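Protein chains in written order, with my numbering: chain A, 51 to 438; chain B, 51 to 438; chain C, 51 to 438.
Quick caveat, the hints were computed from the structure, so don't treat them as lab data. Please note: incorrect hints may appear among the correct ones.
Said to hold, decoys possible - Here chain A is said to cover these stretches of chain B; the calculated rule only asks that three of the stretch's residues, wherever they fall, bring their Cβ under 8 angstroms from a Cβ of chain A: (1) 58-68; (2) 149-157.
As the list claims (entries may be wrong) - Far from chain C by the CB rule (all over 10 angstroms, computed), these chain B residues: (3) 86; (4) 95; (5) 97; (6) 109; (7) 116; (8) 139; (9) 140; (10) 238; (11) 242; (12) 298; (13) 394; (14) 416.
As the list claims (entries may be wrong) - DEER-style ranges, computed between Cβ atoms: (15) 247(C) to 60(A): 36 to 44 angstroms; (16) 271(A) to 65(C): 51 to 59 angstroms; (17) 184(C) to 385(A): 31 to 39 angstroms; (18) 80(B) to 79(C): 53 to 61 angstroms.
This structure is a prediction, so every number in the text was calculated from the model and none was measured. Quick reminder that beta carbons are idealized off the backbone N, C-alpha and C, glycines included.
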Amino acid sequence: MTASAAKNIVLTDTANNIEISEWSVENRNLDISGAPAFLISKKTLHGGKQEGSTLITVQTDNLKVTLIPTRGMDIYEIVSGDVRLGWDSPVDEIVHPAYMNLEMRGGLGWLDGFNEMMVRCGFEWTGHPGEENGRLMSLHGRAGNTPASKVVVSIDETPPYAIHIKGLIKENTFKFSNLETWTTLTVVPGETTVKVHDELTNLSDYDRDYQIIYHSNFGAPILEQGAKVEVAVKEISPFNDYAVNGLKDWQTYLGPTKNFDEMVFNLVPYADDQGMTTVLLHNRKGDQGVAVKYDTRQLPVLTLWKNTDTVKQGYVTGIEPGTSYAYPRQIEREQGRVKTLAAGATQSFDLEYHVLTNSSAVKHASQEIKKIQGKKDITVISQPMAIE
Amino acid sequence: MTASAAKNIVLTDTANNIEISEWSVENRNLDISGAPAFLISKKTLHGGKQEGSTLITVQTDNLKVTLIPTRGMDIYEIVSGDVRLGWDSPVDEIVHPAYMNLEMRGGLGWLDGFNEMMVRCGFEWTGHPGEENGRLMSLHGRAGNTPASKVVVSIDETPPYAIHIKGLIKENTFKFSNLETWTTLTVVPGETTVKVHDELTNLSDYDRDYQIIYHSNFGAPILEQGAKVEVAVKEISPFNDYAVNGLKDWQTYLGPTKNFDEMVFNLVPYADDQGMTTVLLHNRKGDQGVAVKYDTRQLPVLTLWKNTDTVKQGYVTGIEPGTSYAYPRQIEREQGRVKTLAAGATQSFDLEYHVLTNSSAVKHASQEIKKIQGKKDITVISQPMAIE
Amino acid sequence: MTASAAKNIVLTDTANNIEISEWSVENRNLDISGAPAFLISKKTLHGGKQEGSTLITVQTDNLKVTLIPTRGMDIYEIVSGDVRLGWDSPVDEIVHPAYMNLEMRGGLGWLDGFNEMMVRCGFEWTGHPGEENGRLMSLHGRAGNTPASKVVVSIDETPPYAIHIKGLIKENTFKFSNLETWTTLTVVPGETTVKVHDELTNLSDYDRDYQIIYHSNFGAPILEQGAKVEVAVKEISPFNDYAVNGLKDWQTYLGPTKNFDEMVFNLVPYADDQGMTTVLLHNRKGDQGVAVKYDTRQLPVLTLWKNTDTVKQGYVTGIEPGTSYAYPRQIEREQGRVKTLAAGATQSFDLEYHVLTNSSAVKHASQEIKKIQGKKDITVISQPMAIE
Chain A
51 MTASAAKNIV
61 LTDTANNIEI
71 SEWSVENRNL
81 DISGAPAFLI
91 SKKTLHGGKQ
101 EGSTLITVQT
111 DNLKVTLIPT
121 RGMDIYEIVS
131 GDVRLGWDSP
141 VDEIVHPAYM
151 NLEMRGGLGW
161 LDGFNEMMVR
171 CGFEWTGHPG
181 EENGRLMSLH
191 GRAGNTPASK
201 VVVSIDETPP
211 YAIHIKGLIK
221 ENTFKFSNLE
231 TWTTLTVVPG
241 ETTVKVHDEL
251 TNLSDYDRDY
261 QIIYHSNFGA
271 PILEQGAKVE
281 VAVKEISPFN
291 DYAVNGLKDW
301 QTYLGPTKNF
311 DEMVFNLVPY
321 ADDQGMTTVL
331 LHNRKGDQGV
341 AVKYDTRQLP
351 VLTLWKNTDT
361 VKQGYVTGIE
371 PGTSYAYPRQ
381 IEREQGRVKT
391 LAAGATQSFD
401 LEYHVLTNSS
411 AVKHASQEIK
421 KIQGKKDITV
431 ISQPMAIE
Chain B
51 MTASAAKNIV
61 LTDTANNIEI
71 SEWSVENRNL
81 DISGAPAFLI
91 SKKTLHGGKQ
101 EGSTLITVQT
111 DNLKVTLIPT
121 RGMDIYEIVS
131 GDVRLGWDSP
141 VDEIVHPAYM
151 NLEMRGGLGW
161 LDGFNEMMVR
171 CGFEWTGHPG
181 EENGRLMSLH
191 GRAGNTPASK
201 VVVSIDETPP
211 YAIHIKGLIK
221 ENTFKFSNLE
231 TWTTLTVVPG
241 ETTVKVHDEL
251 TNLSDYDRDY
261 QIIYHSNFGA
271 PILEQGAKVE
281 VAVKEISPFN
291 DYAVNGLKDW
301 QTYLGPTKNF
311 DEMVFNLVPY
321 ADDQGMTTVL
331 LHNRKGDQGV
341 AVKYDTRQLP
351 VLTLWKNTDT
361 VKQGYVTGIE
371 PGTSYAYPRQ
381 IEREQGRVKT
391 LAAGATQSFD
401 LEYHVLTNSS
411 AVKHASQEIK
421 KIQGKKDITV
431 ISQPMAIE
Chain C
51 MTASAAKNIV
61 LTDTANNIEI
71 SEWSVENRNL
81 DISGAPAFLI
91 SKKTLHGGKQ
101 EGSTLITVQT
111 DNLKVTLIPT
121 RGMDIYEIVS
131 GDVRLGWDSP
141 VDEIVHPAYM
151 NLEMRGGLGW
161 LDGFNEMMVR
171 CGFEWTGHPG
181 EENGRLMSLH
191 GRAGNTPASK
201 VVVSIDETPP
211 YAIHIKGLIK
221 ENTFKFSNLE
231 TWTTLTVVPG
241 ETTVKVHDEL
251 TNLSDYDRDY
261 QIIYHSNFGA
271 PILEQGAKVE
281 VAVKEISPFN
291 DYAVNGLKDW
301 QTYLGPTKNF
311 DEMVFNLVPY
321 ADDQGMTTVL
331 LHNRKGDQGV
341 AVKYDTRQLP
351 VLTLWKNTDT
361 VKQGYVTGIE
371 PGTSYAYPRQ
381 IEREQGRVKT
391 LAAGATQSFD
401 LEYHVLTNSS
411 AVKHASQEIK
421 KIQGKKDITV
431 ISQPMAIE
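Extracted from the complex, chain A is given alone in its bound form (with noise of 0.2 angstroms):
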């Protein structure tokens, strides 16, 4: 048995008409009897605009990951002990994508579904809304409102007995855009990490452009007054103008205020030797925090967004590596983020969200963290590269 060896379970597949409403596996249900305690299931939601949402939750030991399918395989939330990795969004739904006009408001309709812990904003397009050619593109793309059309889950049969959900999302339109990502979410039993790695393919026989921002949102408990935020920095600006006065205070969050609404900051991470490089969120004590990983040659930039305003309102912050900052895709073209995918060529996404149970494990993070950064420069532009 090699190590490759491994359980799988179509859950869906719109190829051969799969699609499995209610369904769960433990692991003695399978034949790997040295493997650690897990519970994999996905049930299928009802009522509301949570009509025909489906979730699937691994959980071990000391680990619950919740996914939506029907979203993108977008992580929902990730929970280890005391720690909860996601926050409270007024949309309290798990909102189904045919409840959804990306393009209403202005093409903000996104918002009327966003509240999970990860959504992949892209790959065709990211970014605030804006017009190329006359055509609105949407706030942040369609892949997070597009349900998977083939879901596998997969059980490693040989230590340490990995458990992937593989997720394929498909944004093909004629004469525009033959992009699928077939993303994969790894749990390790034991461990308290969550793994993500996506492939964007370009199917098509012509180069396209792409662009993703891995949209990552963490609230309470972690994020409270007196939380910070660490990153080996290279370059830090202002998204706009409100962020300017923010500038100075960047690592730190308020608590819930009032009429704060957003400061968005634009960063170029320092990375190791490997390209690798952390981004570190842990609260006021030190002692609860996350640690996102991630390869800055696949994601060069990253947007910090601070919506450190009250509690209803969400209280929330993002951190966000992505290829693109969050500014309109003419403003990214202009700016030369927009990156361009060749026919037929595959792109890999790798990041790794890292859920911090006590101080030993954030300061083991922070040093990383340190490592990178050495004495090497920050710049700090004072004034946004952009105005929308």
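On the provided structure of chain A, position chains B and C as indicated by the hints.
Below, chains B and C alone, put in the same frame as chain A:
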């Protein structure tokens, strides 16, 4: 057992993943032996653009009410004896929101599903399409095309054994709206009245604008040549230039009239000491009608929509109590009719639809209206107050 | 028993709340012992953007037709022996209308679902996106993304035991449209022809405009380098400047050609004494093809769409009989091609798709066309008649 003791049946609940497709209960199925006969049922529709729509019907000895949970708890029709409150739209199916695009035709997409006796036009905005801040506000808002997130049938266990159908409508959009409305429709067995009690709550931490029009629509048999509308009028004006010519005849109706299209009048009604007013619509003979009673402190203005075009075109009149007239929101705002709901505040709306099945009932309603009018002045404004 | 006696099976009926998910019947299940073998089946698709889509397949000894009730009774493909009528779009799923937004990309949303052999582009409007009265008319109208309100399978009980699949498509919008189309697809067991008979009725009391293009699309194996289209031509002109250069070679096809994109030609065909014309598409060798026969009195103009780009881009040609060319409605209106259907009137459209599986059949169709052309003049207009 207190008066509030009630049998509660949950038919929809997104929070608990409940959506019951087919269901019914009769009085005799419940442990309330003194109650008169009733039948309450729910069904799910299939095929075409009805796929997934739900209907709840409440039937007593002399009343049958049908409402549509998937369309904002709208009332499809009320029938008592020979009198039907409702109308025959060219849209002859109960369109599911998944098939709606409110923004099509420059914001007139709502017309693809319009056939109810009562549609809630609100609550974030209402009126004809318009733009604010570059964002299209489509015709008559979203509530009427929002599926209920929670539906509860509640039957009082003590006389008069009132039946309540409660539904929760969420207009939640990150950054923009956190308006939730608990709608309650009440029928007392034996009575030919349907009561609506809505509670709109602004769950956000910010004051938010709201607008609402209770778009209540009646065709045959009440509407016919010589049918008449009565209301205590403080002020009346034509909605637009076309209505100027119909101002003098605003109270009477033509039969189905080709090329009539629609005439709309803006009214401010007088009310009694409690702020209540009654609008009466009755047939020519005066032996069938509907009385709409409501609280003018909640709904200060009244739109009268006379759409006496041909039968196939949808021969119908609208009696539309509201906070606003049907002008686009920017006009309503300029003229000071857009209301504000404070953070955390709740605003109630109460309306009653009385089915009048004989001359005596019609006369009684007419007398009520005459009493409210008394000798108070009627201001007739001959020109429209706004131009769209 | 009369010739019209038939077995009728209702698969969808919104009026009676019928939507049968899975169904099939064979000739031997019916009390028509003389009939040749056939199998008619319906299935409902699941997963991704196919969730809820339905397919009906009619299979005889030498023909298999698949149509899509949820997409306006469009024909997905017709297969006879080695010949497949249809094509391979980058849109490789049967997209359910709930996932469509026709207004996206400036009105090009239709391209998200386009992969059929025949799509009805109409009936309220058709053609490239345009605006009239400030309202966007999206690409190719709504019919092709409208689920059927009623579907009836009808099998004649007498020879030749014709099989009819009837579907009702409603384009109903209060104030704007009350166009209903009964589509009928007929297959006679043993024949390799599919007949389409549509009856468009204007149910309103007002004359209403209509437009229709029967967008009929063919790829491999018929389409290949050296494939040829034949039709009796009265007039031909290039759709736009790009097509000017292809005018001289309009009858022949390139193989898959990178950067070819599409060339479109506007044709007026000649017809026979009964108004019928035939368009033949055949492969290079001339032993496989399709003949599209239709009534030019119903469908006076013909769009020829040569989309011989790469295979992955969707290598396909469209033979598109219509009342209009593919210009936006405002241009079609200016040039007098927008038709009017009187109040209450019905307009029929009749087309036949003949699968040609050998040289003899191809030659026969070619002879028919030559006969219609005879020595009649061909007017070649070298410049586009309109600029979009």
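Each hint, compared with the structure:
{"no.": "1", "hint": "58-68", "in the structure": "holds (count 5)"}
{"no.": "2", "hint": "149-157", "in the structure": "holds (count 3)"}
{"no.": "3", "hint": "86", "in the structure": "holds, 29 angstroms"}
{"no.": "4", "hint": "95", "in the structure": "violated, 6 angstroms"}
{"no.": "5", "hint": "97", "in the structure": "violated, 4 angstroms"}
{"no.": "6", "hint": "109", "in the structure": "holds, 17 angstroms"}
{"no.": "7", "hint": "116", "in the structure": "holds, 14 angstroms"}
{"no.": "8", "hint": "139", "in the structure": "violated, 6 angstroms"}
{"no.": "9", "hint": "140", "in the structure": "violated, 4 angstroms"}
{"no.": "10", "hint": "238", "in the structure": "holds, 29 angstroms"}
{"no.": "11", "hint": "242", "in the structure": "holds, 28 angstroms"}
{"no.": "12", "hint": "298", "in the structure": "holds, 26 angstroms"}
{"no.": "13", "hint": "394", "in the structure": "holds, 35 angstroms"}
{"no.": "14", "hint": "416", "in the structure": "holds, 31 angstroms"}
{"no.": "15", "hint": "247(C) to 60(A): 36 to 44 angstroms", "in the structure": "holds, 41 angstroms"}
{"no.": "16", "hint": "271(A) to 65(C): 51 to 59 angstroms", "in the structure": "holds, 55 angstroms"}
{"no.": "17", "hint": "184(C) to 385(A): 31 to 39 angstroms", "in the structure": "holds, 34 angstroms"}
{"no.": "18", "hint": "80(B) to 79(C): 53 to 61 angstroms", "in the structure": "violated, 45 angstroms"}
Violation of the numbered hints given earlier is confined to hints 4, 5, 8, 9 and 18; the remaining hints are satisfied by the structure.
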